[in-house]
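Protein chains in written order, with this note's numbering: chain A, 1 to 111; chain B, 1001 to 1115.
One or more of the hints may lead you astray.
[Said to hold, decoys possible] Facing chain B, from chain A, some residues (calculated, C-beta under 10 Å):
| hint | residue |
| --- | --- |
| 1 | T27 |
| 2 | I46 |
| 3 | R50 |
| 4 | G104 |
| 5 | T108 |
[What the hints assert, rightly or not] With a Cα cut of at most 25 Å, we get these calculated SDA-like pairs of lysine to any residue:
| hint | chain 1 | residue 1 | chain 2 | residue 2 |
| --- | --- | --- | --- | --- |
| 6 | B | K1057 | A | P96 |
| 7 | B | K1057 | A | T3 |
| 8 | B | K1057 | A | T103 |
| 9 | A | K73 | A | P9 |
| 10 | B | K1057 | B | S1080 |
| 11 | B | K1009 | A | R43 |
| 12 | A | K70 | B | G1042 |
| 13 | A | K73 | A | P41 |
| 14 | B | K1009 | A | T103 |
| 15 | A | K73 | A | Q39 |
| 16 | B | K1070 | A | Q98 |
| 17 | B | K1071 | B | N1028 |
| 18 | B | K1009 | A | Q44 |
| 19 | A | K78 | B | N1018 |
| 20 | B | K1009 | A | I46 |
| 21 | B | K1083 | A | K78 |
| 22 | B | K1057 | A | E29 |
| 23 | A | K73 | B | G1058 |
| 24 | A | K73 | B | K1070 |
| 25 | A | K73 | B | R1044 |
| 26 | A | K78 | B | N1028 |
Keep in mind the hints are simulated off the structure, nothing from the lab. Quick reminder that beta carbons are idealized off the backbone N, C-alpha and C, glycines included.
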Amino acid sequence: AQTVTQSQPEMSVQEAETVTLSCTYDTSESDYYLFWYKQPPSRQMILVIRQEAYKQQNATENRFSVNFQKAAKSFSLKISDSQLGDAAMYFCAWGPNQFYFGTGTSLTVIP
Amino acid sequence: DGGITQSPKYLFRKEGQNVTLSCEQNLNHDAMYWYRQDPGQGLRLIYYSQIVNDFQKGDIAEGYSVSREKKESFPLTVTSAQKNPTAFYLCASSMGGRYGANVLTFGAGSRLTVL
Chain A
1 AQTVTQSQPE MSVQEAETVT LSCTYDTSES DYYLFWYKQP PSRQMILVIR QEAYKQQNAT
61 ENRFSVNFQK AAKSFSLKIS DSQLGDAAMY FCAWGPNQFY FGTGTSLTVI P
Chain B
1001 DGGITQSPKY LFRKEGQNVT LSCEQNLNHD AMYWYRQDPG QGLRLIYYSQ IVNDFQKGDI
1061 AEGYSVSREK KESFPLTVTS AQKNPTAFYL CASSMGGRYG ANVLTFGAGS RLTVL
């Protein structure tokens, strides 16, 4: 079964600090993509970052970076210099064609 | 601007009624998807379609039906057989193919409430 697990239902971080959101997944496939999506209160899903499983180098997008451990099937998201606008639900997902999502982590940013 | 349009944004249904949620995209994407979002359960796949006139069931297809007569459109019908239809529904699309730049683009969602 293809599953995605986010073990942290809620997280909080002080503004300007760094926070890491955890994600593990289970698949028998060797080639796939991993994603982090952000869902703010508007409920519009926004892609934060994408990682190709065949790439060893961790993806980075400005203040967002991932720690991808393929053997451990782990894909965590690090948010540096947290901003108030980062407050949202964050979903981990994997695909290549059917996309499976975790249950989400609600991130609160404390001013 | 290219994107995905879902309508209506809010929909109320009486028990026993079928309702259809619209999803239109102008991104020229081959693949389209319907997800259901409930509190604490993340997004669960209802149906997806990789090409016109073809679609596959996702994990929670019971009580739902879809059609894909045009590349741009992928409507979802919530039938009276769906026992707990109150939820937030998200439509998405992607370029398709297995190893392409397969990123999901989402619509703004439709909130269905059964009265």
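Verification of the supplied hints:
1. T27: violated, 14 Å
2. I46: With a minimum Cβ separation of about 8 Å from chain B (threshold 10 Å), the hint on I46 of chain A holds.
3. R50: holds, 6 Å
4. G104: holds, 5 Å
5. T108: With a minimum Cβ separation of about 17 Å from chain B (threshold 10 Å), the hint on T108 of chain A is violated.
6. B:K1057 to A:P96: It holds: about 16 Å lies between the C-alpha atoms, which stays within 25 Å.
7. B:K1057 to A:T3: holds, 17 Å
8. B:K1057 to A:T103: holds, 20 Å
9. A:K73 to A:P9: Holds. K73 of chain A to P9 of chain A sits at ~19 Å (cutoff 25 Å).
10. B:K1057 to B:S1080: Given that 25 Å is the threshold and the Cα spacing comes to 18 Å, the pair holds.
11. B:K1009 to A:R43: Answer holds: K1009 of chain B to R43 of chain A is near 12 Å, not above 25 Å.
12. A:K70 to B:G1042: With Cα atoms ~23 Å apart, K70 of chain A and G1042 of chain B stay inside 25 Å; holds.
13. A:K73 to A:P41: Not OK: K73 of chain A and P41 of chain A at ~29 Å, beyond 25 Å, violated.
14. B:K1009 to A:T103: holds, 23 Å
15. A:K73 to A:Q39: holds, 23 Å
16. B:K1070 to A:Q98: Holds, at roughly 20 Å.
17. B:K1071 to B:N1028: holds, 8 Å
18. B:K1009 to A:Q44: holds, 12 Å
19. A:K78 to B:N1018: Violated, because 43 Å separates the two Cα atoms, which is more than 25 Å.
20. B:K1009 to A:I46: Holds. K1009 of chain B to I46 of chain A sits at ~18 Å (cutoff 25 Å).
21. B:K1083 to A:K78: Cα-Cα ~39 Å, so violated.
22. B:K1057 to A:E29: It holds: about 20 Å lies between the C-alpha atoms, which stays within 25 Å.
23. A:K73 to B:G1058: holds, 23 Å
24. A:K73 to B:K1070: violated, 38 Å
25. A:K73 to B:R1044: holds, 21 Å
26. A:K78 to B:N1028: violated, 33 Å
Checked against the numbered hints above, the structure breaks hints 1, 5, 13, 19, 21, 24 and 26 and satisfies the rest.
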